[in-house]
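A.B. asks: Chains A and B, in that order, give the protein sequences.
Taking this note's numbering, the leading residue of the first sequence gets 1, the next gets one more, and so forth.
Taking this note's numbering, the leading residue of the second sequence gets 1001, the next gets one more, and so forth.
Hints are computed from structural coordinates only; laboratory data are not their basis.
Don't take each hint at face value.
As the list claims (entries may be wrong) - Take a look, some chain A residues computed to stay more than 12 Å from chain B by CB distance: (1) R79; (2) L133; (3) P138; (4) T162; (5) M204; (6) A230; (7) L311; (8) P404; (9) V477; (10) L519; (11) K590; (12) E595; (13) A675; (14) V680; (15) L831.
To be verified - Residues from chain A shown here face chain B by an in silico Cβ test under 10 Å; the list is partial: (16) Y75; (17) R76; (18) V80; (19) G81; (20) V91; (21) S132; (22) F134; (23) A136; (24) V195; (25) A196; (26) T197; (27) A219; (28) S397; (29) R398; (30) P812; (31) A816.
Stated by the list, open to error - Part of the chain B face toward chain A, derived, beta carbon under 7 Å: (32) L1099; (33) A1100; (34) R1108; (35) A1109; (36) A1113; (37) N1115; (38) F1138; (39) V1143; (40) G1144.
All C-beta atoms in this analysis are idealised placements derived from N, C-alpha and C, irrespective of residue type, glycine included.
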Amino acid sequence: MKRLLWKNSLRYLFRHPLLIGLSVLGVALGVAVVVAIDLANTSAREAFSLSAETVTGKATHQVIGAGEGLDERVYRDVRVGLGVRDTAPVVEGFARAPAYPGRTFQVLGIDPLADAPFRSYTGGVGSDLDLSLFIAQPQTGLMARPTADALGLALGDTLALTVGGVKQSLTLIGLLDPGDDRSAQAMDNLLVVDVATAQDLFDMPGRLSRIDVLIPDDAQGTALMARLEAAVPEGAEIVRSAARTRTVEQMTRAFNLNLTALSLLALVVGMFLIYNTMTFSVVQRRTLVGRLRALGVTRREVFVLILGEALLIGIVGTAVGLLLGIVLGQGLVQLVTQTINDLYYVLRVRTLDLSPWTLAKGAALGLGATLLATLPPAREATNAPAGAVLRRSQEESRVRDRVPKMALSGVALGVVAGALLLLPGRSITVSYGALLCVLLAFALLTPAAVVVFARVLRPVMGRIFGILGRMAARGVVTTLSRTAVAVAALMIAIAATVGVGVMVDSFRETVQVWLGYSLQADVYVQPPSLVFRRNDASLDPAVVERLTTAPGVAGVYSVQTIRVTSSEGRTDLVAIDQGPNTRRTFRFKKGDPDEVWAGFQGRDMVIVSEPYSYRYGVAVGDTITLQTNQGSRPFAVRAVFYDYGSDLGVVMMGRETYDRYYDDPGVAGLALYAAPGQDVGALVEALRARVGDAQEVIIRSNRALREASLDVFDRTFTVTIVLRLLAVLVAFVGVLSALMALQLERARELAVLRVNGLTPRQLWRYVTMQTGLMGLMAGLFSLPLGLALASVLIYVINKRSFGWTLQVDVSPEILAQAVVLALLAAMLAGLYPSWKMARSNPALALREE
Amino acid sequence: MSRYAFLAILLLVVALGAGAFLLRSDSGEPIQASLALAEAMGGDTTGYARAVEVRDLIFPDDYGPHPGYKTEWWYYTGNLNAEDGRHFGFEFTIFRFALAPSDTASERASAWATNQLFMAHFALTDVAAEGFYAFERFSRGAVGLAGAQASPYRVWLEDWSMEGVAGDPFPMRLRAAEDGVSMDLTLEAAKPIVLQGDRGLDPKGPEPGNASYYYSFTRLPTTGTITVGERAYAVRGLSWKDHEWSTSALGDEQVGWDWFALQLSDGRDLMYYQLRRRDGTPSPFTNGILVAPDGTTNPLALGDVELEVLDTWTSPRSAATYPARWRFRIPSEDLDLQITPHMPDQEMNVSVRYWEGAVRIDGTAGGEAVTGNGYVEMTGYGEGSDEEERGRRGPGG
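This is chain A alone, in the form it adopts within the complex (with noise of 0.2 Å):
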């Protein structure tokens, strides 16, 4: 007996290979988005830990300065005064290898006799070093052998590089040899070199860029610290290695997290394909069901049957989705490398980690979330007496006595959601939780809006398209069961699609508007810098004095970006000259700007950028203490301002300031104002021809650097839109297979409006009117839904994610194209089972199963 319903089963599945087909496509969807994002994020972390593993070793502790760099003096101390030998200088950085684009090598300044109990690179044939070569000779370097090869580069070869524009070049003197793939991807990027040829590559003669210390974790390596601590210069501190890697890697969470909450929408959208699919194909065999019950199948076998179906398609589709995942995760990964590497630091990932961990979570979602949409149709279908599920008007009557109810826990929720969202606190998660409560809130609410859409809308659409359209209108409420569900499904979809899309449209209008204010200068110049959103290279000081002096500037203003620590961890801050203009480059959230611009240069006061003080939760009158050559100082905090650069947030003091404290001439970045009557364009140019070879520098105009500022931000956003692309397309898909379902279901119907004399053309117009009214039930109701989403995601989400105060920004081409879509998609979804209906026999349809 169970055999025969299982085979029962199986052969209900193969009659409907095309909705059983979309439903597997909706599940597989569903989990290869999240999959994909979720094998992005953790490849993409995986590279950064390893190549932090690399370059930190087994060192427990660092000593770093207050800024970039510490005195190279400290190490000698250390070393020679103390003895203590469980030390070793680093200088890092990065360098561009012009022959090979794309990439960006990691230099690792080391001294051969100091590393070895800090970093092990295991050697082979050739890979002896020869210290005549390596120290004793300028710009020499080893690279892992795989890279060699893949770069065609042999032992004597020179590579050139540039730092920061300035153009250097390194012979390859020695091949490490990876042992094993682990290693191979660690070393992938790096070049080992000698202190002195690190310090040469990145000019910072005297200074290092931390020191590697091992401190064990006990008695004596407390005494150890304590001498240490003491021997340390003022500015210089003592940090675990471990602490600082996190810093690091944290900069991406919130980024990280925001991708997986998008992710998990797609899925979302997926579980309501798999509710619509089930409950489809149990309103389907109501009658055989009926009969099964009739002859004493008992309801737990029926139940357990409808969810050893769902459970066919969970896991067929979840395989699907699997490998679909992994495919699109070799794309996600570069998109999402490509943003680490524009806002935060420099990444490569080599290759798409396929964690065991990420595939296991994708699976148990996919067929998590399909068992649960299944519950409810499984459940309608076994708890109902075995007379009463042979009648299906029964049924709708029920929903529809039902469909208060679902309002008042619609409301109920949208009640939860608020509150949640108004909840003080920072978590993303629950944000996001909030968010999902507001889906289901409206999901909730669908039934009894298309019940009154239908009934406002059914005079009308008589009037229009005479009796069909009154019929079609009715027929949307009479199996409002299904149909509801198709609605909901398709407004989430396209509600999503909406509200990211006024998210991203508010925040590309606020930072328009942001660069159109900062960016008053007429002629801006900085080194290329490896990460778009930070300047981590220096102006040569020759080319500072040429451009300054460039006939036809009349105002140069100068910036400066170094990274010290403070009492809130690392911080990003920026020294600015002040110019006339400068106080109208920044608006202040809080502050007072007559105050502030009156004392800047030179008093121990700082201004924050918003999202500083929002993750840090420094406010204007709040004092932050920051590391300087002079020892941790303290700073007043005098105002808050509008800052769409950073969503690390930085701290900006005046250069007067700056230079009492720090001893660093750098600077990063020049602002020039052309004086009157020059012609930008023309300064540009001149000013290009005046820099010539000395340094690589990018000169930009105005309104080429505000370009080139949305161009990034754009292709940051990428990942968002193709993820918004991707529930679109579950969405539709999902529609696709409800609408049909319906469709196909009402084959008996439709066949008795053909007998009755209504012709094919009729009836495809009857079809298509009714798909094409629930499209554009679902494309209105998503604008409401679509921009509630939008709200918690500028307000909410965004907030406490980054910290920025976004301007909403709601253009009527995104609603417009909300509602075109929603009602094409569904167009497009009744086409398919008109075309069969009015093709096929009446009374074939007519005949029951």
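Model the placement of chain B on the given structure of chain A, informed by the hints.
C.D. replies: Coordinates of chain B only, in the frame set by chain A:
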């Protein structure tokens, strides 16, 4: 003696094999670079200063470094006794190597850029406990990590140092410590400087330039403290200093050497080395000197010394077999000595293995009984077995 060949090996090891310090084998053990002597002698001397002619050594300048020469070392050994008679031997040497003939450092902004490399060996023999401790360090000669200077006199590698107490070479303070073994000694000079070879120019082969500049202080009364683990010992005794620099190459047939620094109870000191040839016979460029209690010197030539190996010892580590007892006779001086290591295992287990140890002397001088202590260095014994070992491990360890 000339340990120039030894230095040449070390230089090559350091220059080529110090990859061991970066490129470690999977086991985490540094790759032990071992090279046949002949291999080491292939070193290119082009561009380096050579010891071609006799010149006046000028002090204090010549106490300091001679960076144009490929190799140089400041070498201290000694035999010391604690108050309870516990006997200690020590070796503390700082070596300097030029990694390249010309120094490009001056053209480079980085202070780390240098062609000067320093290495130090510190070994302590604790006879009563049969303890032998040997340590090795490397550093570049830059940013104050390691270096040598004539005035004030200071040669150092990190916190191991040889320093003139008042800036002059004597009294001299030696300080070295590692892994619970430490030494802090003060040395006075009991005899004037001894210029080895021909007024300080010590030839190593027939070719001009194949020689070193070499001077010694052969008798340095020493006091200080030696610490082994928890226990500190007040010690006194005699030390010996050598300072030598060269850019030399060794002949094909020479495989190693035996070097003796002996301090006799009658107030005389004796230095003797012989280069061993492949067939086991000493090379004609063998040299020695006898220093009288008043500091007057008497050179020794190849035929003057009769050296007979009475016993051997095989190292459990390297499987190399070293001479372990000698009969040392200078018939012309009526000197007949028996030289016995204070303990057999004083093999230096460092980048290049060699045996360097404290020895005890018993014998007769002019019919009178004479005793004493000294240091012996032997190289080139372990190579055959080392090479086998290397063959087993495969190239590069």
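A.B. asks: The structure should be examined with respect to each hint, and the outcome stated for every one.
C.D. replies: Against the structure, the hints:
1. Interface exclusion of R79 of chain A from chain B breaks down, the closest Cβ pair being 6 Å apart, not more than 12 Å.
2. Its beta-carbon lying about 8 Å from the closest one in chain B, L133 of chain A breaks the requirement of being farther than 12 Å from that chain.
3. Consistency note on P138 of chain A: stated as away from chain B, yet its beta-carbon is not over 12 Å from all of that chain's, at 6 Å minimum.
4. Distance check on T162 of chain A: its Cβ is at least 18 Å (rounded) from any Cβ of chain B, clearing the 12 Å threshold; non-interface status holds.
5. With a least beta-carbon separation of about 8 Å from chain B, M204 of chain A fails to lie farther than 12 Å from that chain, contradicting its non-interface assignment.
6. Even its closest Cβ contact with chain B, about 16 Å, leaves A230 of chain A beyond 12 Å, as expected for a residue assigned away from the interface.
7. For L311 of chain A, the condition that its CB be more than 12 Å from all CB atoms of chain B holds, with the nearest at approximately 48 Å.
8. Taking the minimum C-beta to C-beta distance to chain B, about 73 Å, the non-interface status of P404 of chain A holds against the 12 Å cut.
9. In this structure V477 of chain A is separated from chain B by more than 12 Å, as the shortest Cβ-Cβ distance comes to about 74 Å.
10. For L519 of chain A, the requirement that its beta carbon stay farther than 12 Å from each beta carbon of chain B is met, with the minimum near 35 Å.
11. Here K590 of chain A stays apart from chain B, with its beta-carbon at least about 45 Å from theirs, past the 12 Å limit.
12. No beta-carbon of chain B is positioned within 12 Å of the beta-carbon of E595 of chain A; the least distance is around 44 Å.
13. A675 of chain A, annotated as away from the interface, keeps every beta carbon of chain B farther than 12 Å; the closest lies near 36 Å.
14. Look at V680 of chain A: its CB is around 36 Å from the nearest CB on chain B, clear of 12 Å, so calling it non-interface holds up.
15. Here L831 of chain A stays apart from chain B, with its beta-carbon at least about 65 Å from theirs, past the 12 Å limit.
16. Interface restraint check: Y75 of chain A against chain B, minimum CB-CB distance 7 Å, threshold 10 Å, status holds.
17. For R76 of chain A, the interface hint holds, the least distance from its beta-carbon to any beta-carbon of chain B being 4 Å, beneath 10 Å.
18. Interface restraint check: V80 of chain A against chain B, minimum CB-CB distance 5 Å, threshold 10 Å, status holds.
19. Here the hint on G81 of chain A is kept, as its CB sits about 8 Å from the closest CB of chain B, short of 10 Å.
20. At its closest, the beta carbon of V91 of chain A sits 9 Å from a beta carbon of chain B; the interface hint therefore holds under the 10 Å criterion.
21. Checking S132 of chain A against chain B by beta carbon gives a least distance of about 4 Å; that is within 10 Å, so the hint holds.
22. This hint holds: F134 of chain A has a C-beta 8 Å from the nearest C-beta of chain B, less than the 10 Å allowed.
23. Hint status for A136 of chain A: holds, given a least beta-carbon distance of 4 Å to chain B, under 10 Å.
24. Annotation: V195 of chain A was flagged as interfacial toward chain B, and the flag holds, the nearest CB pair being 5 Å apart, inside 10 Å.
25. A hinted interface residue such as A196 of chain A counts as satisfied when its beta carbon comes closer than 10 Å to some beta carbon of chain B; here the least separation is about 4 Å, so the hint holds.
26. The beta carbon of T197 of chain A is positioned within 10 Å of a beta carbon in chain B (closest approach about 8 Å), and the interface hint is therefore held.
27. Evaluation of the A219 of chain A hint against chain B yields a violated restraint, the C-beta minimum of about 16 Å exceeding 10 Å.
28. Hint status for S397 of chain A relative to chain B: violated, with the closest Cβ pair at about 76 Å, above 10 Å.
29. Interface restraint check for R398 of chain A: the shortest CB-CB distance to chain B comes to about 72 Å, outside 10 Å, so the restraint is violated.
30. Proximity of P812 of chain A to chain B is violated relative to the hint, the smallest CB-CB distance being about 60 Å (cut-off 10 Å).
31. This hint is violated: A816 of chain A has a C-beta 62 Å from the nearest C-beta of chain B, more than the 10 Å allowed.
32. Taken as an interface hint, L1099 of chain B checks out: its beta carbon lies about 4 Å from the nearest beta carbon of chain A, inside 7 Å.
33. Evaluation of the A1100 of chain B hint against chain A yields a held restraint, the C-beta minimum of about 4 Å falling below 7 Å.
34. Because the closest C-beta pair between R1108 of chain B and chain A is about 6 Å apart, less than 7 Å, the hint holds.
35. Against a cut-off of 7 Å between C-beta atoms, the interface hint on A1109 of chain B holds, since the closest Cβ of chain A lies about 4 Å away.
36. Restraint check, A1113 of chain B versus chain A: the minimum CB separation of about 4 Å is within 7 Å; hint holds.
37. The beta carbon of N1115 of chain B comes within 4 Å of a beta carbon in chain A, closer than 7 Å, and the hint placing it at the interface holds.
38. For F1138 of chain B, the interface hint holds, the least distance from its beta-carbon to any beta-carbon of chain A being 4 Å, beneath 7 Å.
39. At its closest, the beta carbon of V1143 of chain B sits 6 Å from a beta carbon of chain A; the interface hint therefore holds under the 7 Å criterion.
40. Interface hint at G1144 of chain B: satisfied, since its Cβ lies 4 Å from the closest Cβ of chain A, which is below the 7 Å cut-off.
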